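Just need the whole structure built from these sequences, with the hints factored in.
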Amino acid sequence: MEVDASGDEVNNHRKSNGKKKTWTELKKEVRNVRRQLSSISSKIPSYFEFKEMVAENETRFCRIYFLSTLSSGRETTLLYCDVPFDYAKSKVETYPWQPLLESSFQAQGHFSREEQMQMERKRCVIWGITAFDYQPSIGRFVFPASGSVFYCDDQQTQQTPLHPHELEHFVPISSHLNPQMCPWNPDLIAYINNCDLWVHHIISCCDVRLTYARKGSTDLSEEPLSAGIPSYITQEEFNRYTGFWWQPVSIFSGGDIYHILYEEVDESKVELLYLPCFGDEKELEVYRFPRAGTKNAKSTLKIAQFRLTSTNEIEVLPYLHLSDSITSLSLDMEYLVRAGWTPDGKHVWAKVLDRKQSHEQLLLLPFCSFVSSDPAKEIYTNHVENNPAAQVIYEEVSEVWINVTDVLYFFTQENPNEITFLWASEETGFRHLYIVTVELLMASERKVNNKGAKLAEVSKRIKKKIALTSGEWEVSESDVWVNEKKRLVYFIGLKDSPLERHLYVVDTENLHEPLRLTASGFSHSVAMNDDCTLFVTIQSSVGQPHFGQVYQICYSPNNPFTVQALGYFIEPSALPSSYRQPELFSHRLQSGHLIYGMLFKPPNMRVGEKYPTVLTIYGGPEVQLVTNSYKGMRYLRQYLLSSEGYVVVSIDCRGSRHRGVAFESHIKSRMGTVEIADQVEVLLWLSETTGIIDLERVAVHGWSYGGYLSLMGLIQRPDIFKVAVAGAPVTSWTLYDTGYTERYMGTPEKNVAGYSTGSVIDNANRFPDEFFFLRENRLLIIHGLRDENVHFAHTSQLINALIKAGKPYQLQIYPTERHSLRHLDTSEHYETTLLSFLQQHL
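The sequence shown maps to residues 1 to 842 in full-length UniProt numbering.
These aren't lab readings, by the way, just hints derived from the structure by calculation.
Just to be clear, a hint being listed does not mean it is correct.
Claimed, not checked - Here are the computed distance ranges between Cβ atoms for each label pair:
(1) L824 / D406: 31 to 41 Å
(2) R209 / G147: 16 to 26 Å
(3) E313 / A662: 55 to 65 Å
(4) N57 / R209: 42 to 52 Å
(5) K460 / C124: 40 to 50 Å
(6) D406 / C205: 30 to 40 Å
(7) Y579 / C124: 26 to 36 Å
(8) V249 / L824: 40 to 50 Å
(9) E427 / P96: 43 to 53 Å
To be verified - Below 16 Å or equal to it, Euclidean Cα-Cα: the simulated EDC-like pairs (lysine to aspartate or glutamate) are:
(10) K460 / E445
(11) K215 / D196
(12) K298 / E264
(13) K295 / D266
(14) K295 / E271
(15) K51 / D531
(16) K464 / E509
(17) K269 / E222
(18) K464 / E439
(19) K601 / E583
(20) K269 / D737
(21) K346 / E414
(22) K356 / E749
(23) K485 / D531
(24) K356 / D737
(25) K465 / E509
(26) K464 / E418
(27) K807 / E770
(28) K807 / E776
(29) K356 / E395
Just so we're clear, the structure is a prediction, and the values are computed from it rather than from any experiment.
Note that beta-carbon positions come from the ideal geometry of N, C-alpha and C, so glycine has one too.
Below, the structure written as structure tokens:
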């Protein structure tokens, strides 16, 4: 940014008279940059759904639903735009956004603590409606808002905007987590209330509790069980946020019996964590949190069942459980990472991992492998030898770790003795797509091992395995669409560049190189309708803010498919001339690895002058900072620093995502000990190449893993980094959770040296006292006291170690904040603190 809202030049970190800026002046600059970035950043839609409709004049159009914020609003709500299927038009149109809900709709109440915690796990930073369930058969929407659940129907016969109806309850309900409609009866809505599974019937307003995991105690130590809600580890480290799944179709005559698969979690062996509360809340918050090397939660799958009577009463039936436990099929199962039903409703499937996360198995569990918890009330008699057996149908072993994906699609089953599915694997070193056909094991063929588990030799039952993609590039861990009729698979990948996400298509029968369908020079987020005839893309680049287009996929006998642009739902916008876009660069390390980085330059640079520099760092797995996409508000910190006269550098070195297994696994068993070397090598090269970096005034700053590496940077290279600002840092991997830490480091018991050398606390005596005997104040630590992810204990134990070692430090605490800073006043205070500290000490 070169100018502020008034058109005046923006000064750097010192005023024109050479004096440093006051706190008030820095706070004003923070607000100016926030306002400027916000004014040129689009409202980005999410959660797309599509429905084909017919207008009164019998013309066809597609209504596209999504979540976003209108220009006049602040909270996220349900919106839509209508796209006509008029191929004759050559002019690309713009489709206006329309509110689906009445503007007067205002949900009352507050999110429960359970809902707040789930938003933290999802890194959800929007307010208002954050998610919804949609049933296209009747156009029904169900969504949680402000601690309650609402529904409305968009059926074309009604005029929009719609007035949502709140679910009426005859019993007290404290929370409504993950409300989901029954796929074949949308009058039934299942949800989680106080860690148990409930179902609501819209017509009768009846709420029925289906599970009784919780017994009613307010003492969490006496309530280790939950039903339908995943454990903390499953949500935080494996990105699964729901723990129940409706059977997609009824497989029994009559259709009056309903089944919901659910996960029961036993956390009786998991440690309790106590967090302080401030403000209006006075009680301690209590959580289950398994630290590295300690006991995890245990999961099992059960099926809740009930009957809907002719008078719309819900009659609960005895739950079903597996005749043999999952652990009898998968002897080393530790984590239940994914689960669900096959599309025909005849099988349950589950993805499981071992404790080391190097062995993944896909289990297929026929409905008949679940038996009644009350044999006297057994209503099914289909447990016979000619039925399929519960079995492992696929498995993988990795020498490093398994990155869990959402890619799993079961094709229509043509042979009852076989099953075919789409799978994603990193077995070649890069994630690619495969179609696998497996011969099913029948009950009469089951083999029993010496522990009583009924197993088959998995590899011998794989009849066919076809690689759809290959090469030194990655397919996305999600975002896959299948058109079975046309034998086409659409997917998001990084084939053209690791910096750009694109939509590709591949023919499953006539294999060829995947065809890119989206425009190069941009990075794309894509949503597609169910029959793969329409897709939307939100695209951007470092120099182009987000804009959205709608595309039609046309199929014909002579040409398998063509892509036609129909119009915009977000129009392209030009950036103001004052905007300074970041520059992408690459550098090949001495090791031979190609590294990508991003450079933010300050305004009004003078030739030959060197500038104080801030390395904004993450550096850990599962994250990619450098992409050819518009950064906007998500990179507010970088823009803010550059506007104040700092050169800002971000680098994705070895250990970051989307570059293949070998690249990411560089950190295996040695987190914190190898990342800084790569960062410094690139930083020194960049300094020599550009001539704008003052190597005597370099700061390092990051949050979470980036905060951890900021501390490690000051420990390992105090000659390079004059100061470090560490936000919510990990300081010892023994304090962090099992799922993340053990994936990359193993257990503390088996990797003693790795945990010690990677511990900031164990190396606290290596922090510098001052900078070349001139000044101290080289370390600032920032942490939210209610951080439920990287607990404040990381910081408090580090402070104790620093005091014992006689090392100087500064500390900024935010008493009411968690791992992410949620409140605007806190964010502005943190950003002002960052500028003030750097101004004083860099």
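Each hint tested on the structure:
no. : hint                    : in the structure
1   : L824 / D406: 31 to 41 Å : holds (33 Å)
2   : R209 / G147: 16 to 26 Å : holds (19 Å)
3   : E313 / A662: 55 to 65 Å : holds (59 Å)
4   : N57 / R209: 42 to 52 Å  : holds (49 Å)
5   : K460 / C124: 40 to 50 Å : holds (45 Å)
6   : D406 / C205: 30 to 40 Å : holds (35 Å)
7   : Y579 / C124: 26 to 36 Å : holds (28 Å)
8   : V249 / L824: 40 to 50 Å : holds (47 Å)
9   : E427 / P96: 43 to 53 Å  : holds (47 Å)
10  : K460 / E445             : holds (14 Å)
11  : K215 / D196             : holds (10 Å)
12  : K298 / E264             : holds (8 Å)
13  : K295 / D266             : holds (11 Å)
14  : K295 / E271             : holds (8 Å)
15  : K51 / D531              : holds (11 Å)
16  : K464 / E509             : holds (13 Å)
17  : K269 / E222             : holds (12 Å)
18  : K464 / E439             : holds (9 Å)
19  : K601 / E583             : holds (8 Å)
20  : K269 / D737             : holds (14 Å)
21  : K346 / E414             : holds (14 Å)
22  : K356 / E749             : holds (13 Å)
23  : K485 / D531             : holds (9 Å)
24  : K356 / D737             : holds (13 Å)
25  : K465 / E509             : holds (13 Å)
26  : K464 / E418             : holds (11 Å)
27  : K807 / E770             : holds (9 Å)
28  : K807 / E776             : holds (9 Å)
29  : K356 / E395             : holds (15 Å)
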